[in-house]
Every structure is written in C-alpha cells, then in structure tokens.
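Asks: First to last, the sequence lines map onto chains L and H.
Oh and the first sequence: position 116 is 941 in the working numbering, straight run, nothing missing.
Oh and the second sequence: position 57 is 882 in the working numbering, straight run, nothing missing.
If you are wondering where the hints come from, they were derived from the structure by calculation, not from laboratory data.
Keep in mind the model is a prediction, meaning the values are calculated, not measured.
We treat Cβ as the ideally placed atom computed from N, Cα and C, and that holds for glycine.
Please note: incorrect hints may appear among the correct ones.
[What the hints assert, rightly or not] Chain H stretches covered by chain L per the calculated footprint, using a threshold of three residues with CB under 8 Å from any CB of chain L:
id, segment
1, 842-850
2, 857-871
3, 892-901
There are 2 protein chains.
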Amino acid sequence: MFLPPSVEETYPDSHPILWVRTGEMGSKLEGASRPGHLDGVATVVAKPFNLIRPERAYFGQKDAQQVAIIRRLVSDLNFPVEICSVPIIRAKDGLAESSRNQRLSEANRKDALVLPRALQELAQRCANHEPLNLDGIRDSLRQSPGVELDHVEVVDAATLNPISTNIVEAPAIAVAAIRVGPVRLIDNIELNPS
Amino acid sequence: MFLPPSVEETYPDSHPILWVRTGEMGSKLEGASRPGHLDGVATVVAKPFNLIRPERAYFGQKDAQQVAIIRRLVSDLNFPVEICSVPIIRAKDGLAESSRNQRLSEANRKDALVLPRALQELAQRCANHEPLNLDGIRDSLRQSPGVELDHVEVVDAATLNPISTNIVEAPAIAVAAIRVGPVRLIDNIELNPS
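With these hints in hand, go ahead and build the complete structure from the sequences.
Replies: Below you can see the structure in the form of structure tokens.
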C-alpha cells in the first residue's frame, strides 16, 4: 500500500522561503485569475518528485496550463520523471467532467455547452486547414446568453505562448474559460493540423 | 571516472522559464550587490541534484549565504541530498583564501586584514558572552585606511535573518564584505556562545 509522505516530511521547515516561480508561463490564462497559484502548484509538485522519486506522474489534461508548466518544471530543473497527461472526460452532452458541474442548474448547464462547442469548432477548422477566426468565436461566446467570457486563446502546447497566425502549423491547444451562473468553467482541446 | 552531464542534458530547452526564486534569503547581503545571482545559483544547483542524485553535496563555507540558501533549497523542495559545508581555509596572516587575493597588492593585502580581524573580534566577544557592539566594529572598519565597508552583519545561520540582540544565543554567523583596491572580499565566521 502506498503511504503518502507525512506533513512533517513534506514541510520540515514550515512554509517554504524558496519557491519555484513559473514566470510568464504561470501569470497568464488561469494564472491571471489566480496570481501565484501556479507557483504554488510547481513548488508543491517538486516535493513529491523528490520524496517519492516516481518514474511517471499523471496529471489531468483538463488543467492544460498546469500540465504544460509541470512538463517545463521537469525539463528546466531536470527532474527524472516522465509526465503523462490524462485525457479530458466528457459527458454525453460534451461538457468536460468537473466537480464544479454539480453546482450548475439545468439551465446553466445548457448555456455552458457553448464552451465545448466553441473549442470543437476551432479543432474542426484546424483539421480542415481553415482560418481559425478566433475573434468570431470570441464574439459569439460574448453574445451567448447566460455566459460571461473570460478568455479563449490558441497557444503553443509546450510554451503557452499565443499563436498569432490564423492557421495552426505546430501542436497547439485552444484553451478557454467562461463563467456560467455560480461557477467558472475551463476547458481545452488539442489542435492538430494533421 | 565521473563525467559531468552534457550541455544538452543540462539545458534541454535552452534557458529556464521556471526558476527557483530565493525570496528574502537571496536579496540581501551578497544578493543586494548581485540581484538575481542567488536565484541562478539555486536553479542551477537543482539541476545536478536531479541529474546525478548525489547522496552528499559539498559547498564552501566561505560563501555562507550560498550554503544557507542551498540548505533551504533542500528542505523546502525536499531534495534527498545531504549538504556538507567545507570550512574556510585561511592564509597564515588570517585572510580567507580566494582566487581574488591574487589581485591584491602587498599594501592592499595588509589593509584587507581588518576583515578577518573584525570577524575574529566578534567571535571572541560571543565566546566571552560579551555584547557584540556591531556598530563599533562597523565604525572601525569604516575608518580603516584603504578599505571601503560594504556590510558586516550578525545573522541567524539558517535563515540569514539579522540577529537584533547584542548577545548571541542561537547559532549565528558574522558575515562581512569590504572593498580593498580592485577587489571585493567576503568573509564570515561562526559565532558560538558555547
């Protein structure tokens, strides 16, 4: 049976003074809404990498920025661990599974479906080698009833840098966040110009 | 024979985006003269800890702040390595050995001896349970010919926080930096109220 490290092992000197800082990668997208949060993630993930020395570590692709940052943590600080991302699981209506979905009313949930549909639309345009027309997607999300758009961006899958061209040529992801009723929902999709 | 990791292994993605940031520990004392330097040290030391996974790593006590920061790196991020500090080596005249000493003229070198003497004086006062009178030490270094005082401080050996009392009760170090002729010299001494 696996026993996780104790609190005393994990925090031998109470709060860290030294932190892993994620810089530009952690200050945009989700990091813009929660300043410092992804620095905390990177720091607290370094600890079990050192305490447990796993061969592989698994992270949900739903938190795409977190996965990209942890991959970069591993390459920048040379942690000998393989990062595996676990695919997003979607309900039949297309909404990405999340514990937050319980807090959506039936009406909220219907409104929220514009999020996976917008991402699916971007993936389809990319597969068809069509222009993404991200501004059009943004406008339609802004006009969608019951929805407040936080962001929708197409970014490099590894660096999270925005992709400025309208046609995707390298591996990219479309990432988005909206607010619906009481919750903020995030989702993302791979763009593969195959 | 030990082969160090290659450049490609050490920097697989060119410059790091994620850095270990040393916060308050790395911005004072030597860090005040070289902003960001100790963040670079902490980041670049994390790499061989992961690539080589040593049981022990040795660092010269002459860079006392660096040693304290690396000890904190290890405890804050739970690196499974033992940090060993290697004592300062002193010439017969008391000056701590350093490659920089070659750039001192004979006159410079005589002037520089106030540095180890001031630290020795502090250690003696501590051992005698006398008040440290740090301000007096500072004044005498400021008045010393050929010498420009950067700092002399008594700090907690682990946190590098200044010790405000005039009588030392916990393990502490006196750290100092002066400029003599063309070089900046640093030195430090343990204060043990035994």
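Asks: Hint by hint, say whether it matches the structure.
Replies: A quick look at each hint next to the structure:
1. 842-850: holds (count 9)
2. 857-871: holds (count 3)
3. 892-901: holds (count 5)
In this structure, none of the earlier numbered hints is contradicted; all agree with it.
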